[in-house]
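Trainee: Below, each chain spelled out in residue letters.
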Amino acid sequence: MNSYAPILVLGGLAAGFAIFSVVSGMLTGPKRYNRAKLEAYECGIEPTPQPVGGGRFPVKYYLTAMLFIIFDIEIVFLYPWAVRFDSLGWFGLVEMVFFILTVFVAYGYVWRRGGLEWD
Amino acid sequence: MSVLTSLLAASPGDPTNPGGGLGGATSTVTNTFTAPHVEYRALMPMLVVFGAATVGILIEAFLPRTRRYWPQVGVSLAGVVVAFCFVVANHGMAETTAADAVSVDGVTLFLQGTILLLALLALLLVAERGTGLVDLDAFTAQGATTPGSGGERAADAAGLRTTEVFPLMLFSVGGMLLFPAANDLLTSFVALEVLSLPLYLLCGLARRRRLLSQEAAMKYFLLGAFSSAFFLYGVALLYGYAGSVRLSDIATAITSSPHSDVLVLAGVALLAVGLLFKVGAVPFHAWTPDVYQGAPTPITAFMAAATKVAAFGALLRITYVALPGLRWDWRPVLWGVAILTMLVGAILAITQRDIKRMLAYSAILNAGYILLGVISTTSKGVSSTLFYLAAYGFATIGAFAVVTLVRESVRGGSDSGDGGEEDSVTVGGEATDLSAWAGLGRRSPLLAACFTVFMLAFAGIPLTSGFTGKFALFTAAIDGGAWPLVIVGVIASAAAAFFYVRVIVLMYFSEPLREQGAGPIVVVPSPMTTVALTVTVALTIALGVLPQMALDLADKAAYFVQ
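Line by line, the protein sequences are chains A and B.
Positions 0 to 118 (numbering that gives the first Met the number 0) are the ones given, in order, by the first sequence.
Positions 0 to 561 (numbering that gives the first Met the number 0) are the ones given, in order, by the second sequence.
One should not assume that every hint holds.
[What the hints assert, rightly or not] Among chain A residues calculated to face chain B with C-beta under 7 Å, some are:
no.: 1; residue: P29
no.: 2; residue: Y32
no.: 3; residue: F103
no.: 4; residue: V104
no.: 5; residue: R111
[As the list claims (entries may be wrong)] For each label pair, taking beta carbons as the anchor points, the in silico distance ranges come out as:
no.: 6; chain 1: A; residue 1: Y61; chain 2: B; residue 2: L159; range: 43 to 51 Å
no.: 7; chain 1: A; residue 1: G11; chain 2: B; residue 2: A143; range: 34 to 42 Å
no.: 8; chain 1: A; residue 1: V96; chain 2: B; residue 2: R66; range: 52 to 60 Å
no.: 9; chain 1: A; residue 1: I69; chain 2: B; residue 2: V544; range: 47 to 55 Å
no.: 10; chain 1: B; residue 1: L222; chain 2: A; residue 2: G11; range: 37 to 45 Å
no.: 11; chain 1: A; residue 1: I72; chain 2: B; residue 2: D328; range: 34 to 42 Å
no.: 12; chain 1: B; residue 1: D134; chain 2: A; residue 2: V58; range: 46 to 54 Å
no.: 13; chain 1: B; residue 1: P282; chain 2: A; residue 2: T63; range: 52 to 60 Å
no.: 14; chain 1: B; residue 1: L62; chain 2: A; residue 2: A17; range: 49 to 57 Å
no.: 15; chain 1: A; residue 1: V8; chain 2: B; residue 2: E192; range: 35 to 43 Å
no.: 16; chain 1: B; residue 1: R326; chain 2: A; residue 2: G11; range: 43 to 51 Å
[Stated by the list, open to error] Chain A residues, not near chain B, derived (Cβ > 12 Å throughout):
no.: 17; residue: A13
no.: 18; residue: F16
no.: 19; residue: A17
no.: 20; residue: V22
no.: 21; residue: S23
no.: 22; residue: A35
no.: 23; residue: L37
no.: 24; residue: L87
no.: 25; residue: G88
no.: 26; residue: Y106
These aren't lab readings, by the way, just hints derived from the structure by calculation.
The C-beta atom is built at its ideal place from N, Cα and C for all residues, glycine as well.
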């Protein structure tokens, strides 16, 4: 139980800080309402009003985010392999080459189908 | 594929590295890695299918749009056929490989062979693009355009084709091959996701009734994601209980562990939710009718047949290899699920007016029957389950193949100004309303005869595969002591015979619909669908008339390796 005490203390501190910030902001901060306060702040598309008939909206952000995941996953597997390169030996190297080749296939698909063009 | 092998190699069940080397024990970890022995021959079916899918992606990337269709068809069919040859060559194998993550035994090989045959037939349906006269492409020209928009019409008019469906199908097939073979729960989960994710996409690609199709994809995705989360939570609890995700380790932990049973029971319950969802058993069946109705019919055929085979394979392996020690806990639950599944499937199917929804409820009903084989916990139960899955799969693909051919006729096509009465009728979407099928026997005797064979097989009439399969299942269940379930099964069969035979009566003894002279029309497909239909009819009759060879094969295949 003793070894869990720091975690509890950390949790208590975090909760206390969150409550303190919100309450002190409410009590002391100035309150000036205007239209800009009601808008989504740098958070993608405007959810309302919807364009007529469903309409179109840009999906560039989503595409970029998905591409990020492809390369992100690649790195997740590359790091442990690089750290343990010596002990993994030839088996690890061959597996990694195959892995990177399949990632390149995905990359080639994205590149040829215009996923990397912003406009 | 190498993602998969590297995942397998790093699976926590690796005996050379117990504890994973947290806690600063670096000196012990450094040199303990031994490359896991990978028996590539045992993995070949999966490697070939995934390889073909990767080639398919390259075709999508580097060939011009108009030239992709034939290479895709060729690569997909070749991949599935070669993989099937490897399965046949591996017969009699009994071993685990890739750090014990994959077990290749009789059950695995039988189910992999079944899945590959079903996938081959489904690929033929997916590849159907019609003849020069009629366009039977089931898939939207551009999945990204909104239904009914100008962009969609423009893509259709330009003759654009969706060929991504082939690599997507192959990835799904690869996941299905791995699912029944997975020997630890993490591999199971990876396989479950690999088979599901492409299916979610494929469901949304129907060319006609786009909104229904997108609704189906959305529902399937959301509910499937939920059920995957349940499955994963169950895996976590079982790992907490047994300290391993490998099935045989869990089995030993259950018989010897001093821990309380709460963790393992909760884990198994959550695992069962995930598996029964994929199988489509009540009370996790609610997605089935909507998704089967909305998805493009060739994909529905593929889902209804192959997914069920893969999911029941995984259910068999997990219950028989990991949970025999808990038999007295999970059997009563599955009893309840089986009874509910059979009754709900049979009763709700009677009320359906749409042929695809009716077949969906029939799929639920059949899941109930197959659960009987799982419950019996005997080797006879395993072999009858294997046989029934194959028999049911072929009949299902055939039945949905017939559905793709009965079309609505649309009067007054786009350029029918000077044509005669006959020329102005164009082929529309599938006529899925049951009333449209009235009098089909007079209009197209051959097609109606094919559909009759499948309906009789589903109803379990002698001399069809359904009778042999049901007989084997019910016998196995009685041997396993589950005779009350057999009584419910027989009652459900009697109720089910009513709606199956009703379609036959409708086709042969009802007056055809004659609203303004434009009832449904039966289109003539390209050889693809014709071959698929012929093969499924032949197999359905063959498994009913001369079932002994297939039954022996299933008997011989009913063994697991730990």
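Trainee: Are the hints correct? Go through all of them and say.
Mentor: Going through the hints against the structure:
no., hint, result
1, P29, "violated, 43 Å"
2, Y32, "violated, 37 Å"
3, F103, "violated, 10 Å"
4, V104, "holds, 5 Å"
5, R111, "holds, 4 Å"
6, A:Y61 to B:L159: 43 to 51 Å, "violated, 22 Å"
7, A:G11 to B:A143: 34 to 42 Å, "violated, 49 Å"
8, A:V96 to B:R66: 52 to 60 Å, "violated, 30 Å"
9, A:I69 to B:V544: 47 to 55 Å, "holds, 52 Å"
10, B:L222 to A:G11: 37 to 45 Å, "holds, 39 Å"
11, A:I72 to B:D328: 34 to 42 Å, "holds, 38 Å"
12, B:D134 to A:V58: 46 to 54 Å, "violated, 29 Å"
13, B:P282 to A:T63: 52 to 60 Å, "violated, 40 Å"
14, B:L62 to A:A17: 49 to 57 Å, "holds, 55 Å"
15, A:V8 to B:E192: 35 to 43 Å, "holds, 39 Å"
16, B:R326 to A:G11: 43 to 51 Å, "holds, 47 Å"
17, A13, "holds, 25 Å"
18, F16, "holds, 30 Å"
19, A17, "holds, 27 Å"
20, V22, "holds, 35 Å"
21, S23, "holds, 38 Å"
22, A35, "holds, 31 Å"
23, L37, "holds, 28 Å"
24, L87, "violated, 6 Å"
25, G88, "violated, 7 Å"
26, Y106, "violated, 9 Å"
When held up to the earlier numbered hints, the structure conflicts with 1, 2, 3, 6, 7, 8, 12, 13, 24, 25, 26 and fits the remainder.
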